[in-house]
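Please put together the full structure from these sequences, using the hints given.
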Amino acid sequence: MMGYVMMSTPIYHGATKAMEPWTPDWSQAAHSMGTTIMAVQYDKGVIMGADSRTSTGAYVANRASDKITCLTDNVYLCRSGSAADSQIISDYVRYFLNQHTIQLGRPATVKTAATLVRELSYQNKSFLEAGLIVGGWDKYDGGSIYAIPLGGTFLKLPFATGGSGSSYLYGFLDQAWREGMTKDEAEALVVKAVSLAMARDSGSGGVVRTVVINEEGVQRNFFAGDKLPRWYEEIPPQNSLLDVNTEVEPMRI
Amino acid sequence: MVMEAPAKGGFRFDLCRRNAMLEKQGAHPPKFLKTGTTIVGLIYKDGVILGADTRATEGSIVADKNCEKIHKLAPNIFCCGAGTAADTENVTDMVSSQLELHRYATGRNSRVVTALTMLKSHLFRYQGHVSAALVLGGYDVTGPHLHAVYPHGSTDTLPFATMGSGSLAAMAMFESRYKEDMTKEEGMELVAAAICSGIFNDLGSGSNVDLCIITKDGLEFLRNYKQPNPRTYVSKRGYSFGKGHTAILSTKIIPLREQVTVVEGDAMVEE
Chain A
1 MMGYVMMSTP IYHGATKAME PWTPDWSQAA HSMGTTIMAV QYDKGVIMGA
51 DSRTSTGAYV ANRASDKITC LTDNVYLCRS GSAADSQIIS DYVRYFLNQH
101 TIQLGRPATV KTAATLVREL SYQNKSFLEA GLIVGGWDKY DGGSIYAIPL
151 GGTFLKLPFA TGGSGSSYLY GFLDQAWREG MTKDEAEALV VKAVSLAMAR
201 DSGSGGVVRT VVINEEGVQR NFFAGDKLPR WYEEIPPQNS LLDVNTEVEP
251 MRI
Chain B
1 MVMEAPAKGG FRFDLCRRNA MLEKQGAHPP KFLKTGTTIV GLIYKDGVIL
51 GADTRATEGS IVADKNCEKI HKLAPNIFCC GAGTAADTEN VTDMVSSQLE
101 LHRYATGRNS RVVTALTMLK SHLFRYQGHV SAALVLGGYD VTGPHLHAVY
151 PHGSTDTLPF ATMGSGSLAA MAMFESRYKE DMTKEEGMEL VAAAICSGIF
201 NDLGSGSNVD LCIITKDGLE FLRNYKQPNP RTYVSKRGYS FGKGHTAILS
251 TKIIPLREQV TVVEGDAMVE E
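As they're listed, the protein sequences go chains A and B. Residue numbers for the first sequence, in the UniProt record's numbering: 1 to 253. Residue numbers for the second sequence, in the UniProt record's numbering: 1 to 271.
Simulated from the structure, these hints should not be mistaken for laboratory data. Be a bit skeptical, because a hint or two may be false.
[To be verified] One-sided excerpt, in silico: chain A residues whose CB lies under 7 Å from chain B:
id, residue
1, Asn62
2, Ala83
3, Ala84
4, Ile88
[What the hints assert, rightly or not] Each computed DSS-like pair below joins lysine-lysine, with the alpha-carbon atoms no more than 30 Å apart:
id, chain 1, residue 1, chain 2, residue 2
5, A, Lys227, B, Lys45
6, B, Lys72, A, Lys227
7, A, Lys227, A, Lys183
8, A, Lys156, A, Lys139
9, A, Lys192, A, Lys227
10, A, Lys183, A, Lys44
Remember, predicted model here, so these are calculated numbers, not experimental data. Where a beta carbon is used, it is the ideal one built from N, C-alpha and C, also for glycine.
Laid out in structure tokens, this is it:
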């Protein structure tokens, strides 16, 4: 979702030149993920976070999608861009890593997973539109994060963001990220950052999902949309006014 | 005099130039048969309920007032299709055949994720040109599953899903009334309400409601479960096609008695 789109909706009364029911833009648009995705390194591993909105044009096709996909037991992938392209890349890489793990006899490293993702992204750059972040833990490098944006650039970073909401987080993370945070500090940072981006980016919204990956294993967390911190001008969630109509006070005589 | 071989069927390439000439003169090619459509699916306590309307449109004309949009992929997996009717029909037929062969090869009942992977890999290969948006639902050994499949090959796994031009109207019904672990009656009622919402508020959807309920114990296919658009007026005069209405241009009678000989065969013997 790039920016703000003005839609003028023609309403047909009687005969018009085209004489066809108006086809809405979302029925033709490709399924893309507006998105805010990020990953942050902390002292014992990595934390990956994402929003949950998948949009088709101006319609939210899925308000509770899971953009953090498992590649192996210890490596996860944050997906943004075209939903179809990022899903097919993650399916291929999961398949290759599965074979690789069996042949190698050891868990795959995060670098290997990231290299496979980059190889697919770079070699097919003219057909694909996917911004990806690979994060995980292995015993050689500990927690690592690799950002693979559009085109197939390969960047090893201590923290990374992607998607349309990432524009709002570069400055914030430059200031807020510190080396050697604890798990709770890092998770709080991820939730704060994603909710800030969701507040300002129309392509991001829904809930915040996080995945904590360290030596012990993987832990998935869920933060409901109405429980997130509220920022400037955001009002608290209201009960529907329809509740007023359904609950009728009995008449007392 | 040139003897022309009788046309055996197949694509006639010599007509392409004629079509191009006609188009230049301003004639319009026939439109695709699209299913405007409202299709929905939801997971309830015991399984999956799929629903669809029954209108097929060709531009702004209703081509079929009672088409079937719920296709069978396997005895325990069904799929509703929106988009170009030819694409949904053919892609579901193809995956249905592939799943049957897969069942013979593995000796097991089909799983919904198998159908999902076959559909998404085929649709991705065609980069969205196969215009099929599907709601795939079924009950296999791992439980009930519901997926939404988009023409470009992406999929969503959801507890309730809607697709097609009437999806916004249907989703509004679902968002306000869906709850987890509904009973069969509540589920059927909500699915029918969502389809009716699409039928009455979307121009591309109409006619009747089809339902399909899939559970561990089997399936129930309720064709035309609800018919909220009955034909209210039928002319009492009826139709009459008397002799003389159609002009006869020429008559040719070929007596078959001279061409066909009936021969008494030998009795069938089984050795």
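Here is what the structure says about each hint:
1. A least Cβ separation of about 5 Å between asparagine 62(A) and chain B falls short of the 7 Å threshold, and the interface hint therefore holds.
2. A distance limit of 7 Å between C-beta atoms decides the matter here; for alanine 83(A) the minimum to chain B is near 3 Å, and the interface restraint holds.
3. Because the beta carbon of alanine 84(A) sits about 4 Å from the nearest beta carbon in chain B, less than 7 Å, this interface hint is met.
4. Below 7 Å, beta-carbon pairs count as interface contacts, and isoleucine 88(A) has one with chain B at about 5 Å; its hint therefore holds.
5. Annotation: proposed proximity of lysine 227(A) to lysine 45(B) holds, straight-line Cα distance about 28 Å (limit 30 Å).
6. Under the criterion of a C-alpha separation no larger than 30 Å, the hint pairing lysine 72(B) with lysine 227(A) is inconsistent with the structure, at around 42 Å.
7. Of the supplied pair hints, the one linking lysine 227(A) and lysine 183(A) holds, its CA atoms being roughly 20 Å apart against a limit of 30 Å.
8. Distance check on the hinted pair: lysine 156(A) and lysine 139(A) sit about 17 Å apart at the alpha-carbon level, within 30 Å; holds.
9. Between lysine 192(A) and lysine 227(A), the direct Cα distance comes to roughly 12 Å. Compliance with the 30 Å bound is thereby established for this hinted pair.
10. Of the supplied pair hints, the one linking lysine 183(A) and lysine 44(A) holds, its CA atoms being roughly 8 Å apart against a limit of 30 Å.
Violation of the numbered hints given earlier is confined to hint 6; every other hint is satisfied by the structure.
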